[in-house]
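Asks: Sequence order for the protein chains is A and B.
Anchor point for the first sequence: position 128 equals 155 in the numbering used here, and the numbering is continuous, going up by one each time.
Anchor point for the second sequence: position 203 equals 230 in the numbering used here, and the numbering is continuous, going up by one each time.
Honestly, I wouldn't trust all of these hints.
Just a sample of chain B residues kept apart from chain A, beta carbon distances all over 12 Å, derived [unchecked claim]:
(1) E68
(2) A96
(3) G162
(4) T175
(5) G224
(6) A317
Output of the computed footprint for chain B on chain A, the stretches with three or more beta carbons under 8 Å from beta carbons of chain B [claimed, not checked]:
(7) 63 to 77
(8) 128 to 135
(9) 138 to 147
(10) 156 to 168
(11) 171 to 177
(12) 193 to 202
(13) 247 to 253
These are calculated hints, taken from the structure and not from any lab test.
All values reported here derive from a predicted model rather than from experimental measurement.
Beta carbons are placed, not taken as given, at the ideal position from N, Cα and C, and that holds for glycine.
Residues per chain, in single letters:
There are 2 protein chains.
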Amino acid sequence: MSPHPLGGHFGDRLADAIAAHGPLCVGLDPYPDRIPVLFGEGLDAIERFGEAVIDAVAGEVAALKPQIALFERFGPEALAALARLTERARDAGLIVILDAKRGDIGATAAGYAEAYLGPAAWLCADAVTVNPYMGMDTLEPWLLNADTAGKGVVVLVRTSNPGAAALQNADMSGAPAHIRLCQALRPFVEARRGASGWSSVMAVVGATAPDEARAIRDALPSAPFLVPGYGAQGAGAADALAGAVAGPRGLEGVLVNASRGVLYPPLADTAGTDAQWRDAIQQAVASAKADLALTDA
Amino acid sequence: MSPHPLGGHFGDRLADAIAAHGPLCVGLDPYPDRIPVLFGEGLDAIERFGEAVIDAVAGEVAALKPQIALFERFGPEALAALARLTERARDAGLIVILDAKRGDIGATAAGYAEAYLGPAAWLCADAVTVNPYMGMDTLEPWLLNADTAGKGVVVLVRTSNPGAAALQNADMSGAPAHIRLCQALRPFVEARRGASGWSSVMAVVGATAPDEARAIRDALPSAPFLVPGYGAQGAGAADALAGAVAGPRGLEGVLVNASRGVLYPPLADTAGTDAQWRDAIQQAVASAKADLALTDA
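Model the full assembly from the supplied sequences, consistent with the hints where possible.
Replies: Following this line, the structure appears as structure tokens:
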């Protein structure tokens, strides 16, 4: 039976997972040329690598963030493998945030939301990243499906890529565009607060812009942040945690993603056995967790 | 053999198709509850309906725009069916614009672009719609794959949904946000003009905002427009053609999408045979073409 029964509140589940395991989220980004040879070749290697990553990090971290593009790249069979991996991760107690960055109007957005969040989802994630550029009306089918199924919606607010600032930080009637977006999002966020105080609507806020993260925290006080850009993209732990809030259970409200640094540490590249590879991954996870606890490993 | 050999210029191919068949693009939006019973049930019905639509409109219209969400909704097997439909449409001489609205950073965007535009695409479209909200750097993997394979990239600029204006029309340092986006896009558009004068970078410009379409035409003189919102969404032919330019071969630079009005006309709902259904679809196509020619059917 799934440890995630229908009807749990996503914001509360996420807050519990962060309190139990810390703010680290492992990004599942399979690059075939970086997957160790001990997992084999082709699509099979991607799935076996994903299974091994899930088994190595379950119980150690709060969440897993599969990047659907890196499965979609290889066609329908790879997407079927991702659906199996998602089920495995949720069965192991990980919160699964599907990184899909979908965005479309009405009935079309409903199609995506049904696929990934709804009660009959074929790839059943706990939350999905969505792109709000087309307007707040495009979020409604996502929220409807999420609310029905105890799931979350993760809205792109301020991304971590170098070109993000040009549009997202441009002045929009006296405030940066991403702050205007926060103002439009705020009622949707506040309407979905759980018992923990945290909403089931999250915001993507890159670690590469910590001052902006603090401003976004003021604009969206109840939205948990999903933070890309930590580690391989250059930002340190303090920057990644800029939007966190001190609560009774430690730092709250921030989930920090690490992909390459945790999936492909140097020791894993040279691992000759499954056990050596697993040790290397678990060391990388422990090191990132200690870094994000702002203590030494 | 495919009628679309590698290396043709997408903007020129599109201009030729519009000159030959007019500006109509048929949107392939399968809704199971609207597909006539004569196509059967389940996934099979979606694929057989798609095949019949392609066979009915090939040689009559310039392009086909499958909405990937409405296949993705039903899982990997439906995506495999869409790949087969895409091949069938291109073999029949239709330009296929995959409506996917993807948008992500670097290596992730490259994954999507390889899937749908690159030389080894498993679902091989002629162009794909992309979301530019994350920044101009996120378009580069799309352009790279498109340039290599004679394909196009279709950038969301001003969409037709009711909530689009709040962000896309907001004042950004003295101009609407969508005009700022056009300014950032312009060098990418101009660098990809073909012999026809039209670029392989298109802009999505909704029919529901004709005054804005004229302003976007001034800002992006070489970008063909993909125009949603005609027909079922309420805009008429004159509004849909607001961004068109009079050229030696008639109105140029605009491709107008129609989905529901062409796929599900009332006569098709009551068709008892394949031939009756096909007649109904072809009448709906002829009627939309006549409407867009600004003449009577």
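Asks: The structure should be examined with respect to each hint, and the outcome stated for every one.
Replies: Hint check:
1. Chain A leaves E68/B outside its interface by the beta-carbon criterion, the shortest separation being 17 Å against a cut-off of 12 Å.
2. The claim that A96/B is not at the interface with chain A is violated, since a C-beta of that chain comes within 12 Å of its own (minimum 4 Å).
3. Look at G162/B: its CB is around 3 Å from the nearest CB on chain A, not clear of 12 Å, so calling it non-interface is violated.
4. Non-interface call for T175/B relative to chain A: holds, since the shortest CB-CB distance, roughly 16 Å, exceeds 12 Å.
5. The Cβ of G224/B sits about 28 Å from the closest Cβ of chain A, beyond the 12 Å cut-off, so the non-interface label holds.
6. No beta-carbon of chain A is positioned within 12 Å of the beta-carbon of A317/B; the least distance is around 27 Å.
7. A stretch counts as covered by a chain when three or more of its residues have a beta carbon under 8 Å from one of that chain; for the segment 63 to 77 of chain A and chain B the count is 0, and the coverage is violated.
8. With a threshold of 8 Å between beta carbons, the proposed coverage of the segment 128 to 135 of chain A by chain B holds, since 8 of its residues qualify and at least three are required.
9. Requiring three or more residues with a Cβ within less than 8 Å of a Cβ of chain B, the coverage given for the segment 138 to 147 of chain A holds, as 4 such residues are present.
10. Counting residues of the segment 156 to 168 of chain A whose CB lies closer than 8 Å to any CB of chain B gives 8, which reaches the minimum of 3, so the coverage claim holds.
11. A stretch counts as covered by a chain when three or more of its residues have a beta carbon under 8 Å from one of that chain; for the segment 171 to 177 of chain A and chain B the count is 0, and the coverage is violated.
12. Counting residues of the segment 193 to 202 of chain A whose C-beta sits closer than 8 Å to any C-beta of chain B gives 7, which meets the bar of three, so the coverage hint holds.
13. Given as covered by chain B, the segment 247 to 253 of chain A fails the check, having 0 residues with a CB less than 8 Å from a CB of that chain where 3 are the minimum.
Checked against the numbered hints above, the structure violates hints 2, 3, 7, 11, 13; every other hint is satisfied.
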